[in-house]
Structures are given as C-alpha cells and as structure tokens.
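Chemist: Sequence:
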Amino acid sequence: MVPGLITSLLLPAFKSPSSPISAMTVPQEYAEVVAKLPDLQQVLQQQRPWMAGQPFQMKDGSITDAPKGKGNPWKGAYSNHGFWFKLEEGDQKMFDKLVARSYEEDKFLMRYELLEELKAVHGSDVDFIVAANQRGDLIGGVLRGGNTVAVHYVREDYRHSGIGFILIKELVTRARGYGIPDCPEQSSANKELTTTLVSPLYRSIERYDSFQAVKGSTLVHVTVFSPSGLDKIAQSSYRTLTDIDWTAVEKLLVQSNLSIETVKNWAKDGQITVVGDEKGDVKSFVRVVEAAGGYVKRIVVGPLVADSVAAAEAVLHAALLPMLNLTTDYVWNPDVHSLQRRTLHFRVPKDNNDVMGILRKLAGEGSIEVGRVEYQTFSTDKSIKFDAEKTFATEINY
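With my numbering, letter number 220 in the sequence shown gets 220, and the count goes up by one each step, no holes.
Some clues are possibly wrong.
Claimed, not checked - The calculated DMTMM-like cross-link candidates involving lysine to aspartate or glutamate, where the alpha carbons are at most 20 angstroms apart (straight line), are:
(1) K119 to E395
(2) K264 to E278
(3) K93 to E113
Derived from the structure by calculation, the hints contain no laboratory data. Treat the numbers as computed from the prediction; the structure is a model and nothing was measured.
With the hints as extra help, turn the sequences into a complete structure.
Modeler: Encoded structure:
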C-alpha cells in the first residue's frame, strides 16, 4: 500500500458526469442498507498495516441484507475488507481510463487500441467488465476476447480485497452463458477460457469450485534497458518475408495460445515481422508495439515464436533495426526515441533456457532486470503450456 496514492482517487479528470459509472445509483429499497457501510476513506485508512509484514485489520464485509447481485444494469458485490462496489459493462471511454490509471499508478504496459483490436477479431464475442467504488470511481476491470482473458487489473489501493477474484469469477460466469438474457450464438458460452495472472491471484482462482483452474506455464517479466547490442544478434542467412505464407505461420502457433486471425490482424497494423530461410520458408515471427504512457513510449516485444535460437535472433534483429537511429543520436544531443535510449519489455517462459542468452547479447552495455513476480497461465478446461523450445516471449497486456 502506498499512502500517497490515496489522494489520486480524487483526480477530477477521471470523474466525468457522462461516464456510465460516474454516479452511484442505489435502488431505494437498499438505501438504508448501503448507508450502514463504512465510509470509503475509513476503509482505505484501515487498509494500511501498522507494521510491515503484518496482516490488515479489516472489518468483515458480511452484511447479509445488502444489494448483492441485485439491480439492473449493475451488480453489487462486497470486498473482503467490508466495502461495497459494483460491476458494470464498460465501453471504450472506460477502457481508456483503465489504461491511463494502470500507467499512472503502476506503469503497466496496456494499449488504448486493445479493445478495438479484440472486437476486430472476435466481433461481439468481447466482454469488458469494470468495478466501481461507492463514489463511482473506476477501481478495476477485466477484458475477454473470444476464449482469452486479455486484461485483468485492479488499482493498488483496492488490492488484497478479493476484487480481482470477483472480476474473474463474474467473467467466467458470463462467458459460460449463465444469467445472460440475450446470449449471442457466437458467444464464448461453455468455452474454455485461458489467461495469465500473477501467481498469488492464480492460487485464489485455483480454490474457486465453479471451474477447474488448470495450471499451465510459468512466465517472468524481463526488462532490457538501453540495449546497445543489436549488432551482436546473429542474422545468419535468414531474411524478412513480405509475402507471408500464413499456413506456415499457423504451424508455429501450436501450443502458443494464439489464433491465426489475431496474428493476421496485427499484421494489418504493421506490428508483425516474419523471417524465413533462403527458400522462403517461415521460421519465426515477432510482434513489436509501443505501450501507452509517457513521452518516450516503452517497447513491448512479444509474442516471439521461432523454430530455433538463430531464427529467434534473426527476427528480433529485423524487427528492432528500424528503431535504431545512430546517425541522429549524439552525446550532446541524444535521440531519445532511438533504440539504444529506450526500454524493451519481454514476458518469457521460465523454462526457456535460450531466451536469456539472446537478451543479454541484445542488452550489450545496457542492463537487464528480471521481475520478482511470476505469472501463471491457466485454463478452465485443459492445460495451456507454451512450447518452451519455440516460444521466446509471449504477449503482454498488463
């Protein structure tokens, strides 16, 4: 808990009257019950532990006659720490706020375009659920496209309260078609759902009896600062392909939890680089995008799938070379947008023994940082494990 972040809840830029969750509307019959709830500032004050490492001393949120699961269009819920919040369907405007908050408070790597990208691939089979506190302020959200949970975020001041778990639980319930009056034929009802969560939240999901959370691959976040070793990445005899054989690309997607439709949509926006051998056979592909937030955008690399280490290095070199501007970068007048001045982010399978060697070469005189938090893939049906020999980096949406 960071006390200074409490004041950020009052920023006027994120309290628009036109927002679908900007004002709390409580059915009259529940007004007296909601009035019994502790004040939000009191709850936040209680969330600060008196001693480092000691558990929070919180009030029990077990008011039995409160509007839990009542009302339309919102659904009420209670956190483990005793304050009420509501769940509601979000739109692009609310997703923009979620992305902005995630960057300002946590330096997350989300992108404003993600919601529209998912709609372009999955049509109406996209579900975005937001959580709001008693004042109507956005406190978290979860986004599904097809059978993949693409985004899951809760603001820091509200974590460890069970909100993230409730968001996932609600998403799974909706995806299975429970309680949805007009569930479209193309929805993900009864589909297998997959996602990647931080390990502590995965352990909470694992205890949820309504579905079987099947453990998959373990991932770690790796950051490369000021990479200066691009010339050390082997190019070998590979070449960038412009006439892409999508059937060959699809073969690389086996056990990578990606659909060919998603990759094709990325290619339309120029986010994909594909490399092949002298015969033109596809050997690797990588996606490189810029995350939201800041004047100098952070570079997100992934997924990176290749049939060999040499092919992985070749496609990484091809994708990053256009960002290297040595002719405009000087000590007295640095080009802050040139590759060697920027930060690269990767999420890599923990059991891939080759990727760290590639990233060390890429870093050159720069530095590498491996995040302490591990991420766990899981599915509601079968285990989703990335092919450790072919998957060098996965997609990042946090």
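Chemist: Run every hint past the structure and note whether it holds.
Modeler: Results for each hint:
1. K119 to E395: 17 angstroms, holds
2. K264 to E278: 23 angstroms, violated
3. K93 to E113: Holds, because 11 angstroms separates the two Cα atoms, which is no more than 20 angstroms.
The structure fails to meet hint 2 from the earlier list, while all remaining hints are met.
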